[in-house]
Structures are given as C-alpha cells and as structure tokens.
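Asks: In case you want the letters, here they are:
There are 6 protein chains.
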Amino acid sequence: MAKTAQKHRDPDHRRAAAAAPPKPVPAVPSNAAAHDDTDITALDLPPAPLTPEMEAYFAKCEEKLGFVPNVLKTYGFDMAKLAAFVAMYNDLMLAPSNLGKLEREMIAVAVSSHNRCYYCLVAHGAAVRQLSGDPVLGELMVMNYRAAPLSPRHRAMLDFAVKLTAEPWTVEDADRARLRAAGFSDRDIWDISAVAAFFNMTNRVASATDMRPNTAYHAQAR
Amino acid sequence: MAKTAQKHRDPDHRRAAAAAPPKPVPAVPSNAAAHDDTDITALDLPPAPLTPEMEAYFAKCEEKLGFVPNVLKTYGFDMAKLAAFVAMYNDLMLAPSNLGKLEREMIAVAVSSHNRCYYCLVAHGAAVRQLSGDPVLGELMVMNYRAAPLSPRHRAMLDFAVKLTAEPWTVEDADRARLRAAGFSDRDIWDISAVAAFFNMTNRVASATDMRPNTAYHAQAR
Amino acid sequence: MAKTAQKHRDPDHRRAAAAAPPKPVPAVPSNAAAHDDTDITALDLPPAPLTPEMEAYFAKCEEKLGFVPNVLKTYGFDMAKLAAFVAMYNDLMLAPSNLGKLEREMIAVAVSSHNRCYYCLVAHGAAVRQLSGDPVLGELMVMNYRAAPLSPRHRAMLDFAVKLTAEPWTVEDADRARLRAAGFSDRDIWDISAVAAFFNMTNRVASATDMRPNTAYHAQAR
Amino acid sequence: MAKTAQKHRDPDHRRAAAAAPPKPVPAVPSNAAAHDDTDITALDLPPAPLTPEMEAYFAKCEEKLGFVPNVLKTYGFDMAKLAAFVAMYNDLMLAPSNLGKLEREMIAVAVSSHNRCYYCLVAHGAAVRQLSGDPVLGELMVMNYRAAPLSPRHRAMLDFAVKLTAEPWTVEDADRARLRAAGFSDRDIWDISAVAAFFNMTNRVASATDMRPNTAYHAQAR
Amino acid sequence: MAKTAQKHRDPDHRRAAAAAPPKPVPAVPSNAAAHDDTDITALDLPPAPLTPEMEAYFAKCEEKLGFVPNVLKTYGFDMAKLAAFVAMYNDLMLAPSNLGKLEREMIAVAVSSHNRCYYCLVAHGAAVRQLSGDPVLGELMVMNYRAAPLSPRHRAMLDFAVKLTAEPWTVEDADRARLRAAGFSDRDIWDISAVAAFFNMTNRVASATDMRPNTAYHAQAR
Amino acid sequence: MAKTAQKHRDPDHRRAAAAAPPKPVPAVPSNAAAHDDTDITALDLPPAPLTPEMEAYFAKCEEKLGFVPNVLKTYGFDMAKLAAFVAMYNDLMLAPSNLGKLEREMIAVAVSSHNRCYYCLVAHGAAVRQLSGDPVLGELMVMNYRAAPLSPRHRAMLDFAVKLTAEPWTVEDADRARLRAAGFSDRDIWDISAVAAFFNMTNRVASATDMRPNTAYHAQAR
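Protein chains in written order, with this note's numbering: chain A, 1 to 222; chain B, 1001 to 1222; chain C, 2001 to 2222; chain D, 3001 to 3222; chain E, 4001 to 4222; chain F, 5001 to 5222.
Since the hints were made in silico from the structure, they are not lab data. A virtual CB, placed ideally from N, CA and C, is assigned to each residue, including glycine. It is possible that some hints are incorrect.
As the list claims (entries may be wrong) - Here are a few chain C residues that sit away from chain B, every Cβ distance over 12 angstroms (derived from the structure):
#1 Asn-2031
#2 Pro-2052
#3 Ala-2056
#4 Ala-2059
#5 Val-2068
#6 Tyr-2089
#7 Arg-2187
#8 Trp-2190
Unchecked claim - Heads up, simulated DSS-like pairs for lysine-lysine below, C-alpha to C-alpha not over 25 angstroms straight-line:
#9 B/Lys-1163 x C/Lys-2163
#10 C/Lys-2060 x C/Lys-2073
#11 D/Lys-3163 x B/Lys-1163
#12 C/Lys-2101 x C/Lys-2163
#13 D/Lys-3163 x E/Lys-4101
#14 D/Lys-3163 x F/Lys-5101
#15 F/Lys-5163 x B/Lys-1163
#16 A/Lys-163 x F/Lys-5163
#17 C/Lys-2163 x E/Lys-4101
#18 A/Lys-73 x A/Lys-60
#19 E/Lys-4163 x A/Lys-163
#20 C/Lys-2163 x A/Lys-163
Said to hold, decoys possible - Quick look at which bits of chain E chain F covers, simulated, 3 or more residues with Cβ under 8 angstroms:
#21 4042-4049
#22 4052-4060
#23 4135-4145
#24 4211-4220
Work out the full structure: start from the sequences and follow the hints.
Replies: As structure tokens, this is what we get:
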C-alpha cells in the first residue's frame, strides 16, 4: 500500500473536509473505486517477499485472471498466512466435490449477502455470473437469493447456508434432514457447511480491514 | 400476465419437479430472468384499459427508457392506483429539491438494500449507475453503502435513511440534528425522509407480489 | 407552526433544563399533549397557500371530523405533495375493495404497532374503535394483535401484513398461499399488501418528523 | 374458569370454524373483550380457597377498584404463590421510594410496551392515566415512550429500564453512570431496576397464560 | 460492601489505568473473581439489620451451602424486599411441583443463557451439575441447550421457556399445545412459565447491579 | 464414527422414544456426554488413512494433550482438508504475534459465546482456564465477557471481535481507531480480526455438524 493511498484513508483528513461548509449542490463522487486497486485495505501491512511457490501462484493468477485478487495481496504481508489461506480456499472452492463450482460460488455470494461484505460480493458475484453464464443469477445471489427461481436442491442448499450464517446456534438435525431430503449426502452437507463457514470467515476479514475488490471484477461477465 | 407465465409460478408444479431424484451434477439455471418481462408478479391481476393520461405516460416511458417499468404495469390493473403511484413517485424523485436526483436514487437503493428488495435494487441500482456515470457507486449502494467513500453529507443522509428504515421508532431530535450539522435544511430533512419512506412502501409492494424487474435494467450503464 | 412552538422543541432548551439539579420529588408532566395541536412536527416547514381543491378537502375534514388531521397540515407546505398523499390515501383506505374499511384500519394499526409510530397508532387506533364500535379491539391492535380473538381470516391478514413489515425480504409464495387458503383473492392480497406498505411509509414520515396526532383522537369512541 | 369459557378457548374449536368457507363480507368481531372477565387465562387452574389474609386483600381490591385484578385471580389457584406475588408487587409499587408511584407505573408500561404484553399494558396504562391525570401520557407509554415530552430524569429512567429489558447483557457501569448523572441515587437505581425486572417477569407470566385484563380498565381515566 | 471494594469498581480509576501506555506483552488478569465475594454489586446499598427470620435463613444457608448466596446479601439492604424475594424463590424452586428440582434449574440456566446473566449462570449452572450429578449437563445448559441430548419432554420445556424469554409477545395457543403434547398438564405449564419468568426478573436485577456470584460456586460438582 | 454411535443419533429413533407416554417423574439424563468421545459428529464421514505428517501431528496431540481433539478427527475424512485446517489453526493461534496465546484464546471464546458454539466453548474455554491459571476467567469468557474485570486493552479487543462477529457490515474506521487508541498496531488489528474471523468459521462447521467436544476438556484446569 503506497503512502498516498494510506493518506487517502486518513479519517482525520476526511473529517477536515467535513468541517468545510456544505455546498448547496454537492459534488457527486465521480469514481467510487478510484483507489480500490492501489489502496486495498485500511491497514498498513507492507508486503513480504513472495516465496517461490506464491510467486508462481500470483503469476498464474495474472495469467488466468489478468490480475492478482486483492485478498491475496492483503494476506501477502506474511507468507505463512498467505499459504494457509490459499490452501484452504483452493481445496474448498476448486477440489473435487459433488457440489459444482457454481454451486459453491452461489453459497459464497448468498452468505456474503447476509453479511453485506463488499469485497466478497463483488469478487464472487462476478464468479457466479461467469460460471453460470447468467448475469442475472449473480445479481440475485447478491440481492436476495429468495427471489431467484431456484431448483428445490439449490433452495435447500442456500437456506441451510444462510441459516448457518445468521443463527448457527439453531442449526440442528432437522436442518440436516432437509438437506438429505433434497438429495444431499453427508459429504455434501460437509461441503455446503464448510463453504458457508469459510465465507463467514473471509467476510469478516474483509470487513475488519475494509478490503477493496479489484476494479476488474465489476465489468466481468455482465 | 399470460396463462403460461402463471403456470410457471405454480408452486405445486415446482414441488412436483422437486420430487424427482436429484441428479449428481445438477442443472444450472440457464436464465434466471427468463420470465421476468412477461410474468411480472405472483398475482393474477389483469390490466385495466389505460386512461389517455396513462397511455401518454407509458408511451413516454417507451420513448425515453425503451420500455415501461414493470412496477407501472403492475399497478396497471387499476387506473386510480396507477395514477396515485405515478403522481407520488414523480413528485418525490423528479420534482425540484435541494437533493439531486442522484442523491434521491442513492437513498432509494440504500433503503432497498436494507430491505433486500430485488425489484428496487435492480431498477434503482441502474439509475444510480446512470446518473453518477459510476457503475461502482451503484454496486456499493446495493451491497453496503457503509463501504463507499462518501462525503460526510452523503454519509449522514444515508445513515438517517437507513436508520429510519430499520428502526423508525428510535428516530429523534438527535438524528435530525446530525442532518442539520451536515448542512441539510428542514426541507431537505423532509425530502430525505419522504424518499426513504416511499421506498419502504414500494419495497414491500414488490416483495408482497414478487415483482420482477425489466431485464433491460441489468446491463444499463455498466 | 408558530415560533413559540418551535422554541418549545429546541433540544438545547431541554438540555439546559436538564442541567438544573434534579428535584427529589420530580414534577409529573401535567399534559403530555399540550403542544400537539399547534406544534405538529419537528420541522419548520411553513404552510403553502391551499389550492381550491385542498381547501375544499380541508373544509370537508373540519365538517366530518371536526378538525384537519395533522398529517394533512404537515404535507401542507407543498400542494403537489399534499395532493399526491391525499389521492393515494383515499384510494387505499376508502375506495371499493373486498377488504372492509375496518379491516384496512386494522392493518394500519397492526403495522404501526410493529413500527411503534405514535401518530398513526393514535389516529388509526381511533378509527378502529369507531368503525368497530369496539374500543377494546382498538387497544388490541395497538398493543399486540396476536392477543386478539380474531377470525382465521383476520389473523392471516394481519400475520401477512406484519411479516411484510418486519421482514419483507422473506415474503414468498408460501405466504401468499396462506392468504389464499384463508379465502383471499389475488386482488385482496394486493389490497392487504398495499395498505400494509403504505403505513410502512407513513409511519416513517411521522417518525422522521416527530409528527404529533391531533388531541381530539384520544377520547374518540372510548 | 368456567367450563364454557374453557371451551371458548379450545383451539380445535377455532380451527373447525376456520375450515368453514370464508365469507365474502366477513363479520367484524363485535366485542373483543367479551370473555375477558370470565375466561381469564388459557390454563385450567381451579381457584383454591382464599386464606383469610387474601380474602381481606381481595375485598380491599373490590372496595378500592371495584374489582379484583385478574392477575390476582390467576395466581389464586395456589395461596403460597398468590401471597408471594402480592408481597413483592406491593413492596415494589407501593412501598416508600424516591421514585413516585407514577414513575414506577411509567416504567411498568414502557417495559410492557417493549414486551407487547396485553394484560400489563391495559392494567398499568390505566394506572399511568389515573396517577398522572393525563390520558395522553398513558398512551405515550403504551405506544412509544421516546415520543413523549419527558424530563431528562424520566427519559434516563425509561431508557435504562427499556435497555435492561431488551438487552440486559449489555448493561454496564456507563448505564448506571447515566442514571447518576440524571440525579438518581444508588437506591433509586435499584428501584428502577427492580420494577423493570419485575415487569419482565409478569409480562412473561401473562403472555405464557394468555392472561386477560379486567374490562373495567379500558375506560378508566380517559 | 466495604469502601475499598467500592473504590475498586470506580470507573474513573479504571480509566486512569487505561491512560497508561499499553505494554507490548500485556498482563493477564490473575484472578478475575478477586473481589466477587466482597464487592458483590456496583451499587452502594449498606446492609440492613437482619430480621430474626432472615437471620435464621442466612444461618441455614451457611450450614447447608457453606455461604450465603450473594443475591440474598444484595437484597439484604431492605428486609421487606429480601423476604419477598426469598418467599417467591423458595416457592418456585423448592415447593412441590410435577417439575423436578433439576428441571426447574435447567429452565433457570437456559433462560439465563439467553440473557447472558453471569450471576445466574454461575449459581444455577452449579445447581444443575449438583442435582444431575452430570457436570456436562450444566455446561450444556450454560452454552446452548439445543446441543444437549434431551428427552422430547425436556426439549419442549426448554424451547417454551426460551421462546417466552426471547419473544414473549409471540407465545400463543400453539406453544401451549406443544407442551401438552409433550405430556405437560396446565399446572406444569404454569410452573414452567413461572420459573422462566422469574429468571427473566432476576437476570435483569443481576445485570442492572453487576451482581457477582460467590466464588464457591465455580468449583462445585465439577 | 462407529455404527452404533450413528444409530444413537438417528432422529427417527429419538422420535420413537418421544411417542412413548411421558412419565410423571421424568428420568434425568445421567450423562449428557456419554457419546461425545465416540460419536463426534452428526455426519457419517469415515476417516481417511492419515498421511505421515498428520500421523505425527496426531501423535503429538496424544502426547501433549492426552487425546486428539475431535475437530481434527472430524476433518480426518480428507487429508487435504485436515492439513489446510491445521496449518491455518496453528498459524493463527500459535505463531508469533503481539497478541499473547491467552489473548487469542479469549477472542476465540468470546466469539464462540456470541455464536453459542458448544464445541468451541468447551475446548477453548478450557484453554483460557489453562493459559490464565484462572478458572473464573474461562467462565466469564463463556458466559458474558462484558461482566469480566478486563483491562481497557482487553475490553477493546473483545468489543471489536464481538462486533465483527455480530454485525460485520458495520465495522468501520472508527472501530479500528478504537483499537489503535487502546494501543494496538495495524498488525495487531489484523491478528484480532483473523482470530475472530476464524472462529466464526469453526463455530459454523461445528454447529453444522453437531461436533462434540472431547470429554476430557470439561475437567481441565478447574
């Protein structure tokens, strides 16, 4: 994170601006994402040197996506933390599972919508649009999955994920039974739960640090 | 609303589909908005003949937007209700005010985000993108206005609108004082309140009827 | 709104009084509604000249009710806003509908009770007392509609209206199905929804402005 | 509780009525309190013989109020429970305290409003009207104490009582400090807390048993 | 409460400590309960002389438990209040009932867990451990009763008690019917309700006064 | 998970038991944790062969703790998932940080208390008792951290962690500023956030699977 970017986030600076007399016709923010690619969190954590493994991984991201997701750069201040995050993320979202990749992304977005996490909604909303080839499905996951015309399987899956997000202490046998009735195996229940739980973690890391999504996501697969 | 569309919404029909054995690799919904332009609510309310005034208004919509917003078609089963809705909407969102049109749309979306209203988030999210020329600002209003880099004026405006949405019974002198401190006049406070209150109405009409947004909104001003 | 009244609302004035040493036996407020007929909101919005149409309407109110409801005086700073409000209100609450006028007022009060809106509970609680000839029914709607001995029809109607008020994002086909099972048509569902939604608007306008009910309501139909 | 009354409450009976085809123009409940003086709870707990002490107390109620409050009749199935309730109630609400009787009743109603307890709102709302000589103050406590023009002392008192009701786990030194700053002694803090806590008990006994208030309360001190 | 103890609670004192520069390796609190047996509430309410009856009762506590529960010492500033509390407590928790003493303590803890009441969780958690001879059952009631392997009877009992705690305004015939279906009589429903309601009172007295549990409870029946 | 254990969890089995006539004096559960060491989740996920690395890790657990924590056995159905979990857990809870190990465990328990997660409260409550040498501190973290006599540093740390747990969407600059004012560096803020976020994940994995804590934890460090 460059110094200038850090200054931009300085709350005192903002407050000083606030003290100026408000104008009758207020300026519209011209580019709300102006700093999102350079000033990626509210914490000043200088990047550590990348390990060869992570250097290769970042290069692969650049090649495949055209950029390194900001969440990886954020974890990049500490190679052990970055490696642990990447390992868990890739296992959950990409490893073999009866849940398709799109289904896992749908869970990611429905959970992030409950938690109103800007970073994850942008990044994984784009993934839903891309994997489904259906931009509107991405919007529905972001806005209210209950408004989407879902199969009973997908509705049960997201109902479980969102209940687990909102009131985990009330999840019980009856909830697992509903998943089984919708055709999910015990392993599938694990995968739904683990993905929902993981985004409950990352949503909070993102909110705690004001993590900004790469601007490239916004226009993807519209 | 055509008969076929109505059938599509039949919950028994959906449930019958659910009883089929779930497939290991489940079909992805290929077009979540497939019926949104033809099957615009869950209620079967046949359109009334348009009054000349409303016919002219619908024509103006077609000309300016390229389509008649589904909310107007929804109210179109009763000309008195349609006229009352149009009069109030146009006064609130378009009549002279110290609040700019973009500001009013920002309130609309922040309120609709709290209420997770699919119709209003789609339609007014598009309006924020269009009026601001900043697609990301639209996303921020939809996802979490607190994550946006707002001026103190706009932050105070949206904080008031969302508090009024979430817990109207706790709004008091101190809340109005915060708006005044941010430079808003008493008339401005009225306008902020009236717009926020109006979308608390329309969000509920939309949710109560499962109102679907015109598909044209999704790609606008991305 | 007279100047004196405005002064009465001055929060600094109140705070000054607070700084005085508290008395061992504190004075009881002798008339909590002392200013409610003169100092009707917390906003200083001087009345506009009434249009002939509105002048006639206010005269009709005086004749029928003995007073002009404060909500109308509040909107009276702008004739376009007043006319739009009156048109929508009268259509919703008085136009032909399968819902009786009492039923619409019951919805108004149950919604306003959820939102703890002082103005609407006073004004529409009086309407329920008057239209039903049953003062206790008015109290029940204000306090907790679930404690009232309601017909299944009325219970379903109010359950829908209050759920739509509290968590509109969760209203779905199953909720509409419950209304249909209780004998309501699609048009009836619209009317229930529209009335509930409207009071979610007016509750917020009233709370945002600290709107005070005309004192005459309190003793009506007790 | 007479047998007929019990039958009246039979939920199966109600459900049978519900199965009948709903009528187009539904009957309005003509007297929502028709059974409130005879059918005072949903539990069938036959009265025990009154002890001489309680017989005298009931007689005193009849003399002073014109009736025995239904809460006392409810507890009347067990003399030990009745005596314990009466002792605690009378100490809290009537024994010497720096809090006036009206102040204690204001706490009772504000707490009962948060808990939406029909019995307590009716009975203690009447007490506020009577003790203050101000019917509107009673309405304000029932509907939303935040809308009442209260002294800083009374506002601090009710804010504490309602916070203690809504989220007792968050009450801390800072909350007690606010009461002290408003002029309350440690003993006063006890009294505020004890009264608020007591109504959190009685609200729940009343809701758990569907306790009905004596009809005489409704018209008192209007 | 000794003067020193009172000083210990002084928030200014704490704040002064806070102003000191934070140390890189912060001290761990060595004994979080250091003052719990001497400094039992945040209020300075000097003990009143015990009545002979209460003196005997305190002596019996010392004999049976080895100490006088701090809640009794707290009420000891006023003999009428202490006597009323003791009478109600003993009737509810010890008098004959179809509910066993352990069942009543399970309700006490499940309710106190919802309200996160430190005093009651410590004191009544110990009682559950002792009466059941099962330390883990005590932990389950404290942490989340839904995670305990309960009989349908006990689950229904605690579900009712916790719903009555969390949202008393929604308790209705259907909730009582569930208790009856689980084998509870109307008198049992009263007892469940009365115990749950009582702890909703004491939880709030304890939270309002920062009541500390006797340290002896912690190690009991582990 | 043995077959017998799985049978024990069978909900149909439980329901059959429920259908038996309820006994007047119901049996007390004699050992609520009877199956916790053998029947560790509600999912039937047979263990995979341990990798040499994980075999060594499990052996180290046995040696140090006397048992393998059930969470590790739970993840043991898939070596990639187990390895990713262990790597992240050990980095967060054991790697160098300005936050002491006890502080990280305090965050773990305060977060798990908000989420009422039985597994994590038992396992990490024991860790707080052990690391602090103060059994009561463990209880306080489980029951209500706000009732603990914490340093301003620790209070700020837990307030942030619990707010991030309860309402992550409201965490902003002002919250981070409070941590900085309490002496925390940006790296410390990361560590607090990452630990709090991680337990928001594990709490949900545990609740989703009904994960049972090893019985050995209960008696540790009492």
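Asks: Please write out, lowest number first, the hints stated earlier that are contradicted by the structure.
Replies: 6, 7, 8, 13, 14, 17, 21, 22
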